[in-house]
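If you read the sequences in order, they're chains S and Y. Read left to right, the first sequence gives residues 1 to 293 (our numbering). Read left to right, the second sequence gives residues 294 to 700 (our numbering).
Keep in mind the hints are simulated off the structure, nothing from the lab. Note that beta-carbon positions come from the ideal geometry of N, C-alpha and C, so glycine has one too. Wrong hints could be hidden among the right ones.
To be verified - Label-pair ranges, simulated between beta-carbon atoms: (1) Gln531/Y / Leu285/S: 13 to 23 angstroms; (2) Thr524/Y / Leu285/S: 26 to 36 angstroms; (3) Gln480/Y / Ser63/S: 52 to 62 angstroms; (4) Asp41/S / Ser501/Y: 46 to 56 angstroms; (5) Gln480/Y / Phe15/S: 51 to 61 angstroms; (6) Asp41/S / Asp630/Y: 33 to 43 angstroms; (7) Gln480/Y / Asp41/S: 45 to 55 angstroms; (8) Asp41/S / Trp555/Y: 54 to 64 angstroms; (9) Gln480/Y / Ile223/S: 50 to 60 angstroms; (10) Phe71/S / Glu687/Y: 57 to 67 angstroms; (11) Glu687/Y / Lys204/S: 55 to 65 angstroms.
Claimed, not checked - In silico SDA-like links for lysine to any residue, alpha-carbon gap of 25 angstroms or less: (12) Lys686/Y / Tyr252/S; (13) Lys677/Y / Trp155/S; (14) Lys602/Y / Gly575/Y; (15) Lys595/Y / Lys464/Y; (16) Lys663/Y / Lys407/Y; (17) Lys699/Y / Ser78/S; (18) Lys154/S / Gln531/Y; (19) Lys287/S / Val248/S; (20) Lys699/Y / Lys204/S; (21) Lys55/S / Asp630/Y; (22) Lys55/S / Ser501/Y; (23) Lys592/Y / Leu51/S; (24) Lys62/S / Ser558/Y; (25) Lys407/Y / Lys464/Y; (26) Lys565/Y / Lys592/Y; (27) Lys392/Y / Phe664/Y; (28) Lys154/S / Asp404/Y; (29) Lys392/Y / Ser33/S; (30) Lys699/Y / Leu87/S; (31) Lys154/S / Lys287/S; (32) Lys154/S / Lys204/S; (33) Lys154/S / Gly537/Y; (34) Lys62/S / Phe664/Y; (35) Lys663/Y / Tyr57/S; (36) Lys55/S / Gly698/Y; (37) Lys204/S / Ser121/S; (38) Lys288/S / Arg68/S.
The primary structure of each chain is shown beneath.
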Amino acid sequence: MKTMEKKVRFYIILFLLPSVLGFIVFSLLPMLSALFLSFTDWDVIGGSPNLIGLKNYIDILKSEEFLRVIFNTMKFISLYIPGIITLSLGVALMFNSNVKHVAVFRVLLFIPVLTSWIAGSLIWRSVLSGQYGMLNNLLAIIGIQGPAWLTDPKWAMISIVIVSIWKDLGFFSLIIFGGLRGIDRTLYEAAEIDGANGFQILKKITIPLVTPTLFFVLVTTMISSFQLFSQIMVMTAGGPMGATQVMVERIYTYGFRYFEMGYATALSILLLIVIVTITLIQLILQKKWVYYE
Amino acid sequence: MIKKMMIVLAVTVMLAACTPAKAKEVTVKFLNYSSINGQEATLAAMIDVFETANPLIKIEVETIGYADYFTQLATRVAGGQAPDVFELNIENFRAYADKGAIVELNVAGLDITKIHPTALKAFQIGSKQYGLPTKFSNVVLIYNKDLFDQAKVAYPTANWTWTEELAAAEKIRALGTDIFGVIRPIQTWEFYKTVAQNGGSMMNADQSAFTLNSAANIEALEMMIARVKVTNVTPTTQQLGGMGDWDLFKSGRLGMLVTGIWAFSDFATNCKFNWDIAVEPGIKQHATHFFSEALVVSKTSKVQAAATKFAAFVSGSPEAAMLRANANWDLPVALTDAVVNAFKAVTPPSNKQAVFDSLQYLVMPPSLEKFSAVADDLQIYLSKALAGELTAKEALDQAQVLISGKY
C-alpha cells in the first residue's frame with residue numbers, strides 16, 4: 001500500500017513539473033527580476049543596472065503625472081464599470097427572455113469580442129474623427145454638432161469608454177446570461193404562484209441570485225480597467241494633453257520609448273499593488289451583497 | 294587494394310596541406326530601418342557593390358520598420374545580441390554613445406573626405422567620430438503653385454519672412470472656406486526651430502539650463518497660435534478632422550506646407566497640380582530642421598574593422614551616394630557634383646537648389662539623452678496654449694518650471 005502511495009505521489013510530482021517549471025521560468029523569475037529592477041536605474045542599453053533604493057517609487061508618488069494617471073483611470077472606471085454591468089445585465093435579460101431571433105442578435109453582439117483590439121480601435125478612430133467621422137456625420141443629420149471625440153480632452157476618455165463597452169458587451173452579457181440560466185426555475189414558479197409581478201421577480205430573485213456572476217464581472221472589469229492599453233495606444237496614444245494617460249500606457253512609454261526601465265518596472269509594481277488591494281477589498285465587501293445559493 | 298587506397302588518401306592529405314590557406318570570410322550583421330517600404334532594392338544594390346569590392350566581407354542585412362526598430366534594437370543590445378553595425382538617427386545617437394553601447398570609429402585609411410561636414414560633425418562627440426552619416430534631410434517650404442496663381446500672389450522666394458508668408462497665406466485662405474494658407478504644426482519639434490527663427494532657444498548656449506519662457510520664445514509661440522486662432526490661415530484640429538497635413542496638401546486645399554524633403558517622392562506621384570519649393574521663411578532669421586541617419590558599430594562586435602569599412606562605404610562612397618540620389622532616397626551625404634546633379638535632375642520640385650541653400654540654416658534639437666521625454670512634456674503645454682486653456686506665456690512659464698525641475 002505504501003509503495004502504491006509513493007508511486008502516486010511520484011506521478012503527481014512528475015505531471016505537475018512541466019507547468020510548475022513553466023510558471024517559475026516564465027512568471028515567477030520575470031516578476032522577481034522586475035521587482036529587483038524597480039530599485040535600479042536600468043536604462044536597457046547602458047549595461048548593468050545600479051541600485052538606487054526607493055528613488056523610483058518616491059519620484060512616481062511625488063509626480064503630478066501620477067496623480068493625472070490615477071485621475072484618468074478613475075474616470076474610466078467610474079464610466080466604464082457601471083456602463084458595462086448595466087448594459088450586459090440588460091442584454092443578458094433579453095437573451096434570457098423569449099424574444100424572437102435572439103440567437104442572431106447574440107452572435108452579432110459577440111463579433112466585437114472576436115475582433116482584434118488593434119483592428120477595432122483603428123476602425124473606431126476613423127468613425128470618431130471630428131470632421132469626417134461617420135458618427136459626427138450621422139449626428140449632423142439630426143442637427144447635432146458632434147464633438148472632436150478623440151482630440152478634445154473632455155471627450156477623449158469618454159470615447160475610450162464607449163469603444164471599450166462596444167468591445168466587451170458581447171462577452172460579459174454572455175457570462176451573465178450563463179448565470180441567469182443557472183437560476184432554479186422552481187423559484188420563478190413559486191414566485192408566480194405567490195402572485196409576484198415581473199419587477200418583484202427581478203428584484204427579489206433574479207438579481208440576488210445572479211450576484212455571484214456580477215461579482216465575477218466586477219472583479220474582471222476592474223482588473224482590465226487598470227490594464228487599459230491597446231485602445232489607448234491606437235486611438236489617442238495618451239493624448240490629448242495627457243487626458244488618456246493611464247498606468248500601462250505610462251509603463252510602455254517609460255520602458256520602451258524613454259528606456260527608463262527601472263522607473264517603468266516601479267510603475268508596474270505599483271500597478272500590481274493597486275490591483276491586489278482593490279481585489280482584496282472587493283473580496284471582503286462581497287459578503288455584504290453577493291448571495292450564494 | 295588497401296595499399297592503393299592508403300596511397301590515394303596520403304596524396305589527398307598532402308595536396309590539401311599544400312593548398313594555400315583560404316583567407317577567412319567574415320559576416321557583418323547589419324540592422325536598419327530607413328530602407329523599409331520602397332528602398333530595400335537600393336540598399337541591396339549598395340551591398341552588392343560593397344561585397345564585389347570586398348569579397349571577404351559578407352553583409353547580412355535585416356530591416357525593421359521604424360515603429361518597432363528602437364524597441365527591438367534596445368532589447369538586442371541589452372541581451373548581448375547587438376548587430377555589428379546598425380542605423381541610428383540623430384535623436385537616439387547621443388543616448389547610445391553616452392551609454393557606451395557603440396564604439397569610436399577608427400576611420401584611418403577610409404575615405405570619408407566627401408562626407409558633408411555638417412552631417413559628419415553631427416555624429417561626433419568632442420573630436421571623436423562615433424557614427425558615419427548615410428543621408429540627411431532638411432525642411433523646406435513646399436507650395437501649391439496653382440493656388441498661388443488663383444490668389445494672384447507672387448511665388449515665395451528665399452528672402453521671404455513670416456510677414457510675406459502670412460500675407461500670401463491670408464490671400465489663399467480667402468479663396469474658399471475649406472482652403473487653407475499654411476501649415477506649420479504646433480509641436481515641440483516645430484517649436485525649437487521656430488524659436489530659433491525668432492532668436493530664441495530651448496536651452497542656453499552651453500545647454501546647462503532650459504530657457505523655455507524667454508521673451509523671444511513666448512513671442513514665437515504667440516505667432517504660431519495666432520495663425521490658427523486669429524487669422525485661421527492654419528486649420529484647427531477640428532477643421533483638419535483627423536486629416537494629415539500631407540493629405541490636405543495633396544488634396545489641393547493647402548497653399549503652403551513646411552515639411553521635410555522626404556515628402557518629394559510622395560508629392561511627385563500624388564499631387565495633381567503644380568508645386569515647387571523655397572527656403573523656409575524665418576521670423577528674424579532663417580532656421581530649418583536637420584535630420585540625419587548614421588551607421589554606428591556595436592561595442593560587442595567581433596568584426597569592428599569590417600563593420601566600420603561597410604559604414605564608411607554606405608556613408609562616403611560616390612557609388613552608394615549615386616544609388617541613393619537616383620532612387621530619390623533623401624539627400625546623400627557624399628555631395629559630389631555628380632550626386633548634386635543627379636539629385637537636382639529628379640523633378641518636381643524644380644527649385645531643388647533650395648534644399649542645398651537651406652543647409653546653411655540648420656538647427657538641431659538640444660542634445661539631450663532624454664529629449665523625447667522633454668518633448669512629450671512640453672507638448673502638453675503647447676497643446677494647452679493652442680486650446681486656449683493657458684496663454685502662451687503661462688504655458689511656457691509652467692513648462693519651464695516642470696521641465697527644469699524634472700530633467
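To see whether the hints hold, each was checked on the structure:
1. The hinted range of 13 to 23 angstroms is not satisfied by Gln531/Y and Leu285/S, whose Cβ atoms lie roughly 44 angstroms apart.
2. Range check, Thr524/Y to Leu285/S: about 57 angstroms between beta-carbon atoms, so the 26 to 36 angstroms window is missed.
3. Hint check: Gln480/Y to Ser63/S, Cβ distance near 23 angstroms, so the stated range 52 to 62 angstroms is violated.
4. Judged by the Cβ atoms, the range 46 to 56 angstroms given for Asp41/S and Ser501/Y is violated: they are separated by roughly 22 angstroms.
5. Judged by the Cβ atoms, the range 51 to 61 angstroms given for Gln480/Y and Phe15/S holds: they are separated by roughly 58 angstroms.
6. For the pair Asp41/S and Asp630/Y, the beta carbons lie near 50 angstroms from each other, so the given range of 33 to 43 angstroms is not met.
7. In this structure the hint that Gln480/Y and Asp41/S lie 45 to 55 angstroms apart at CB is violated, the actual value being about 29 angstroms.
8. Between Asp41/S and Trp555/Y, the C-beta spacing of about 36 angstroms breaks the proposed range 54 to 64 angstroms.
9. A beta carbon spacing of about 35 angstroms between Gln480/Y and Ile223/S contradicts the range 50 to 60 angstroms that was offered as a hint.
10. The hint said 57 to 67 angstroms for the Cβ distance between Phe71/S and Glu687/Y, and at roughly 21 angstroms that hint is violated.
11. Evaluation of the 55 to 65 angstroms hint for Glu687/Y and Lys204/S yields a pass: the beta carbon distance comes to about 58 angstroms.
12. Straight-line distance between C-alpha atoms of Lys686/Y and Tyr252/S comes to about 32 angstroms, which puts the hinted pair past the 25 angstroms bound.
13. The straight-line distance between the Cα atoms of Lys677/Y and Trp155/S is roughly 15 angstroms, inside the 25 angstroms bound, and the hint therefore holds.
14. Our distance criterion of 25 angstroms between C-alpha atoms is broken by Lys602/Y and Gly575/Y, whose separation comes to about 40 angstroms.
15. Taking the CA atoms of Lys595/Y and Lys464/Y, the gap is about 61 angstroms. The hint is violated against a cut of 25 angstroms.
16. With a C-alpha separation of about 32 angstroms, the suggested pairing of Lys663/Y with Lys407/Y is violated against the 25 angstroms cut-off.
17. At most 25 angstroms may separate the alpha-carbon atoms for a hinted pair to count; Lys699/Y and Ser78/S exceed this at roughly 31 angstroms.
18. Our distance criterion of 25 angstroms between C-alpha atoms is met by Lys154/S and Gln531/Y, whose separation comes to about 14 angstroms.
19. Note on Lys287/S and Val248/S: the hinted pairing is violated, with a Cα-Cα distance of about 31 angstroms set against a maximum of 25 angstroms.
20. Restraint check: the Cα-Cα separation between Lys699/Y and Lys204/S comes to about 56 angstroms, which exceeds 25 angstroms; the hinted pair is violated.
21. Between Lys55/S and Asp630/Y the alpha-carbon distance is near 56 angstroms, which puts this suggested pair outside the 25 angstroms criterion.
22. A threshold of 25 angstroms between alpha carbons decides the hint, and for Lys55/S with Ser501/Y the separation of about 23 angstroms falls inside it, so the pair holds.
23. Under the criterion of a C-alpha separation no larger than 25 angstroms, the hint pairing Lys592/Y with Leu51/S is consistent with the structure, at around 24 angstroms.
24. A hinted pair counts as satisfied when its Cα atoms are at most 25 angstroms apart, and Lys62/S with Ser558/Y does not qualify at roughly 48 angstroms.
25. Straight-line distance between C-alpha atoms of Lys407/Y and Lys464/Y comes to about 44 angstroms, which puts the hinted pair past the 25 angstroms bound.
26. Simply put, Lys565/Y and Lys592/Y have alpha-carbon atoms about 49 angstroms apart, too far for the 25 angstroms limit, and the pair is violated.
27. Taking the CA atoms of Lys392/Y and Phe664/Y, the gap is near 15 angstroms; set against the 25 angstroms cutoff, the hint holds.
28. Taking the CA atoms of Lys154/S and Asp404/Y, the gap is about 57 angstroms. The hint is violated against a cut of 25 angstroms.
29. Restraint check for Lys392/Y and Ser33/S: satisfied, since their Cα atoms lie roughly 22 angstroms apart, inside the 25 angstroms limit.
30. This hinted pair does not check out: Lys699/Y and Leu87/S have alpha carbons roughly 44 angstroms apart, beyond 25 angstroms.
31. Taking the CA atoms of Lys154/S and Lys287/S, the gap is about 37 angstroms. The hint is violated against a cut of 25 angstroms.
32. Among the hinted pairs, Lys154/S with Lys204/S is inconsistent with the structure: their alpha-carbon atoms are about 39 angstroms apart, more than 25 angstroms.
33. For the given pair, Lys154/S sits about 22 angstroms from Gly537/Y by alpha-carbon distance, which is consistent with the 25 angstroms threshold.
34. Among the hinted pairs, Lys62/S with Phe664/Y is consistent with the structure: their alpha-carbon atoms are about 22 angstroms apart, no more than 25 angstroms.
35. In summary, the hint linking Lys663/Y to Tyr57/S is supported, as the alpha carbons are separated by about 19 angstroms, within the 25 angstroms threshold.
36. A threshold of 25 angstroms between alpha carbons decides the hint, and for Lys55/S with Gly698/Y the separation of about 15 angstroms falls inside it, so the pair holds.
37. At most 25 angstroms may separate the alpha-carbon atoms for a hinted pair to count; Lys204/S and Ser121/S exceed this at roughly 40 angstroms.
38. Pair hint Lys288/S plus Arg68/S does not hold up; C-alpha atoms about 32 angstroms apart against a cutoff of 25 angstroms.
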